[in-house]
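Protein chains in written order, with my numbering: chain A, 97 to 349; chain B, 875 to 1434.
Don't read these hints as lab results, they were simulated from the structure.
Hints are supplied without guarantee of correctness; some may be wrong.
Stated by the list, open to error - No farther apart than 30 Å at their CA atoms in a straight line, the calculated lysine-lysine pairs in the DSSO-like style are these:
{"no.": "1", "chain 1": "B", "residue 1": "Lys1298", "chain 2": "A", "residue 2": "Lys262"}
{"no.": "2", "chain 1": "A", "residue 1": "Lys221", "chain 2": "B", "residue 2": "Lys988"}
{"no.": "3", "chain 1": "B", "residue 1": "Lys1082", "chain 2": "B", "residue 2": "Lys1284"}
{"no.": "4", "chain 1": "A", "residue 1": "Lys348", "chain 2": "A", "residue 2": "Lys235"}
{"no.": "5", "chain 1": "B", "residue 1": "Lys1141", "chain 2": "B", "residue 2": "Lys1082"}
{"no.": "6", "chain 1": "B", "residue 1": "Lys1254", "chain 2": "A", "residue 2": "Lys221"}
{"no.": "7", "chain 1": "B", "residue 1": "Lys1160", "chain 2": "B", "residue 2": "Lys1118"}
{"no.": "8", "chain 1": "B", "residue 1": "Lys1147", "chain 2": "B", "residue 2": "Lys1118"}
{"no.": "9", "chain 1": "B", "residue 1": "Lys1201", "chain 2": "A", "residue 2": "Lys242"}
{"no.": "10", "chain 1": "B", "residue 1": "Lys935", "chain 2": "B", "residue 2": "Lys881"}
{"no.": "11", "chain 1": "B", "residue 1": "Lys1053", "chain 2": "B", "residue 2": "Lys1284"}
{"no.": "12", "chain 1": "B", "residue 1": "Lys1066", "chain 2": "A", "residue 2": "Lys262"}
{"no.": "13", "chain 1": "B", "residue 1": "Lys1118", "chain 2": "B", "residue 2": "Lys1098"}
{"no.": "14", "chain 1": "B", "residue 1": "Lys988", "chain 2": "B", "residue 2": "Lys1141"}
{"no.": "15", "chain 1": "A", "residue 1": "Lys236", "chain 2": "A", "residue 2": "Lys221"}
{"no.": "16", "chain 1": "A", "residue 1": "Lys235", "chain 2": "A", "residue 2": "Lys262"}
{"no.": "17", "chain 1": "B", "residue 1": "Lys881", "chain 2": "B", "residue 2": "Lys1118"}
{"no.": "18", "chain 1": "B", "residue 1": "Lys1086", "chain 2": "B", "residue 2": "Lys1183"}
{"no.": "19", "chain 1": "A", "residue 1": "Lys262", "chain 2": "B", "residue 2": "Lys1291"}
{"no.": "20", "chain 1": "B", "residue 1": "Lys1382", "chain 2": "A", "residue 2": "Lys262"}
{"no.": "21", "chain 1": "A", "residue 1": "Lys278", "chain 2": "B", "residue 2": "Lys1160"}
{"no.": "22", "chain 1": "B", "residue 1": "Lys1118", "chain 2": "B", "residue 2": "Lys1066"}
{"no.": "23", "chain 1": "B", "residue 1": "Lys988", "chain 2": "B", "residue 2": "Lys1010"}
{"no.": "24", "chain 1": "A", "residue 1": "Lys262", "chain 2": "B", "residue 2": "Lys1284"}
{"no.": "25", "chain 1": "B", "residue 1": "Lys1291", "chain 2": "B", "residue 2": "Lys1382"}
{"no.": "26", "chain 1": "A", "residue 1": "Lys348", "chain 2": "A", "residue 2": "Lys262"}
{"no.": "27", "chain 1": "B", "residue 1": "Lys1148", "chain 2": "B", "residue 2": "Lys1254"}
As the list claims (entries may be wrong) - Coverage of chain B stretches by chain A, computed from C-beta distances (three or more under 8 Å per stretch; other residues unrestricted):
{"no.": "28", "stretch": "947-954"}
{"no.": "29", "stretch": "970-982"}
{"no.": "30", "stretch": "1286-1295"}
Ideal Cβ placement from N, Cα and C applies to all residues, glycine included.
One letter stands for each residue in the lines below.
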Amino acid sequence: MDFEPKILGFLCNWCSYAGADLAGVSRMQYPPNIRVIRVMCSGRIDPQFIFEALRVGADGVIVLGCHLGDCHYLEGNYEAEKKFDMVKRFLKLINFDNRVRLDWVSASEGARYAQVITEFTDHIKALGPSPIGGDNPDKKILNNLKAIEDAASGDRMRALVGRERKITEQENVYGEQVDLEKFNKVFDSAIVEEYQRHRILVSLEEDTKSIKSLAAELEIDPSVVLEHIVCLKSRGQIDFGEFMGITPMFFKM
Amino acid sequence: MSEKKDKDVRVGVFVCSCGSNIGGLIDVKEVAEYAKSLPNVVFTQDNLYTCSETGLAQIKKGVTEHNLNRVVVASCTPRTHEPLFRETIKDVGLNEYLFQFVNIRDQCTWVHMKYPHEALEKAKEVIRMGVAKVSKLEALENIVVDATPTAMVIGGGVSGITSALSLANQGFETHLVEKDAQLGGKLNVLNKLFPTGQDASELLESLKERVKNNSNLTVYTSAKVTNIEGFVGNYEVEVQQNGKTTNLKIGVIVVAVGASLLTPTGKFGYDGKKRITQYELEEKLKNNDVKANNIVMIQCVGARNDERKYCSNVCCMSALKNALLIKEKNPDANITILFRDLYTPGTLYEEYYRRAREAGVIFLSYKLEKEPIVEENTIKVYNEYIGEEISVPYDLLVLSTPLIANDGNKELAQMLKVPLEENKFFLEAHVKLRPMDFATDGVFICGAAKWPVDITESITQGYAAAGRASTIISHDTIEVEGATSFLPDYNRDLCTGCEVCINVCPYKAISKNEDDEIVITQVLCKGCGVCGATCTNHAIIIRHFTDEQILSEIYAFGGS
């Protein structure tokens, strides 16, 4: 049997949802795989929603908003773009970034809506089923996705993405405008750090572990694991319990 | 599937057949039967037309007899019918927010006509998602605020004057702000108006007379709106006039700033003398100053191209009108109109075109890829029908340039917190459903500020915007949507005071008070939800679209 992907779409009320309705009124046909959640603005899409959709088995997730400059709420889609950009960078770490898409469909673009959905459905069909969908999800990827979701939900990433437009387009608290390239550097290293830290946390949920075993399991250099452990301990997210011989064993708080 | 039920939640699901629009493709009885198996659902029913009198009565009966406290309607689209069903459940004592619309027509049966089986499965799944969401919905109250019964119209052209007069005639204290020294806008320049042939000055004088005699209307000329604070029913507007500042308390604002005309600098040898714009021709005609005998007009100059994709709407008619006026005075004049497409909609305008042809005006088409070449005294235009270049002599060249957005639009849009579209014209809330409104409550739009329109349309829209504006200030209080952003007391501890929400709010609805605490002014909030998706510590709740509610839809999508 052909693979029929499960696709979830988040549509903004004013443009893309209206565009989807127009596709209907115009009887434009597209594949029946998509299920839609209506929100008022694409800027409402919390990164968590996309990760959760993937976690519960979506083969693809598409976010649609008004064209840039045409947002019903002035600039909500610019915020959506920044958040989605972060989601994609995170998902790249587990090779899932091609399962999500952000695009713009206006209220008058019924044909475009049908086309975007058809293309995305075909694209996901070609990719094949999500390794974490179905009855036998890949545990390792699922754990890594959880780490990503936790990392993106943490205040560090949310503060960075929430302030991105202000500090790269206007100024930071010191009155300086931060170069986008410089910002991206900071952003990318924060993504990798937070991802690894949360992988450690996810792993420690199972059992208490040593730095060495964490390093081996997560395939991260032990010295890097140690740095993360120090940070996580200072944040009060982990602590060490008993010693195995002279090796400290860490657990999640 | 989880059989876990939310305490005391009783959901009713009504599945509409919409005649054969839905029922023709999928079995609505089967869908309704399926819905019965969903958590919290205690009653389901399929209707031929849920939106009919009978259908609405069935909803009311269902709510009363089965003690429902949540209602789902699976039907066309919430964008047209949600208000009706909300009203219906309100009539039987349910809070209107305890309603969820599920779209199984516009986004299901109409678009999967060749896949009845898949469409049926999709309908069931989206209803499952809708039931999951409705189970988590909470009752909300609309916010009630006082309304100041005053209006401000920004822009004193024909549309603005009409709107202001209409509001003032309804008894509202109205303030009309015009940037120029006198009222009238483009009417000051225009010669005669199509399709009546009336003198523009005659219309303008009559409008001015009515403005002068209206005691409810205050006019500010050579004036500018410099600051706008507040919200619907309660705006505080600062107007600068000759260095003097006036502060006004305003209930509603109508934007009627009109548009500007493109000056075709460097195009087709434009010089403002021998080669002028259609707008400049109006002035010449008014002053009886057209001496030329060979006149060529070029349409769509700087319009409908890559830079400006839109059609300016008024230029075809202006050209036809002016060509006829010249012909009336001087029947021997040779007039050639070079066009790309001619738009003369309706009987009156088409009649104009026929008359111009009968009068001997020559129409030659050209292509954007092969624009006419303007030489000192002749124009060369390639004609695709004969496959040759035609030379037309001229002693007056008239360029029809489009209306373009005013430079000041951006500044005003920022003050009003309303959007502009890609060509920097003002963007209405919805092109069909709310054409005179902005998404921001209490602000309205009319005339060429929105899109190039002629005088007739400017007047129509002026009345329309006044009508919409008066629906607000004719009441002492106004209700605004309760689905807003919200920082509940029990989440106060989560708030770190990072101010990211303040940065991302486009409506300045979030601020800090003297105690350095985040305050959300509900009435300013439009419910976009950006602050909720951004809040670094998940403290802000977006009512009616809470994390929990959206996640419940996602989980129902996943199958649990």
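Now for the hints, and whether the structure bears them out:
1. B:Lys1298 - A:Lys262: Measuring from Cα to Cα gives roughly 23 Å; hence the hint holds.
2. A:Lys221 - B:Lys988: The given pair, whose Cα atoms are some 19 Å apart, holds under the 30 Å limit.
3. B:Lys1082 - B:Lys1284: holds (29 Å)
4. A:Lys348 - A:Lys235: holds (20 Å)
5. B:Lys1141 - B:Lys1082: Cα-Cα ~37 Å, so violated.
6. B:Lys1254 - A:Lys221: violated (55 Å)
7. B:Lys1160 - B:Lys1118: violated (36 Å)
8. B:Lys1147 - B:Lys1118: Measuring from Cα to Cα gives roughly 39 Å; hence the hint is violated.
9. B:Lys1201 - A:Lys242: Judged against 30 Å, a Cα distance of about 78 Å means the pair is violated.
10. B:Lys935 - B:Lys881: holds (23 Å)
11. B:Lys1053 - B:Lys1284: holds (16 Å)
12. B:Lys1066 - A:Lys262: violated (51 Å)
13. B:Lys1118 - B:Lys1098: Cα-Cα ~11 Å, so holds.
14. B:Lys988 - B:Lys1141: Status violated; Cα separation ~53 Å.
15. A:Lys236 - A:Lys221: The given pair, whose Cα atoms are some 23 Å apart, holds under the 30 Å limit.
16. A:Lys235 - A:Lys262: violated (39 Å)
17. B:Lys881 - B:Lys1118: Judged against 30 Å, a Cα distance of about 63 Å means the pair is violated.
18. B:Lys1086 - B:Lys1183: violated (41 Å)
19. A:Lys262 - B:Lys1291: Cα-Cα ~18 Å, so holds.
20. B:Lys1382 - A:Lys262: Since the Cα atoms of B:Lys1382 and A:Lys262 sit roughly 15 Å apart, the hinted pair holds (cutoff 30 Å).
21. A:Lys278 - B:Lys1160: violated (61 Å)
22. B:Lys1118 - B:Lys1066: Violated. B:Lys1118 to B:Lys1066 sits at ~37 Å, over the 30 Å cutoff.
23. B:Lys988 - B:Lys1010: violated (35 Å)
24. A:Lys262 - B:Lys1284: holds (19 Å)
25. B:Lys1291 - B:Lys1382: With a Cα-Cα distance of about 9 Å, the restraint between B:Lys1291 and B:Lys1382 holds, given a limit of 30 Å.
26. A:Lys348 - A:Lys262: Answer violated: A:Lys348 to A:Lys262 is near 35 Å, above 30 Å.
27. B:Lys1148 - B:Lys1254: holds (17 Å)
28. 947-954: holds (count 3)
29. 970-982: Answer holds; 5 residues pass the 8 Å Cβ test.
30. 1286-1295: holds (count 5)
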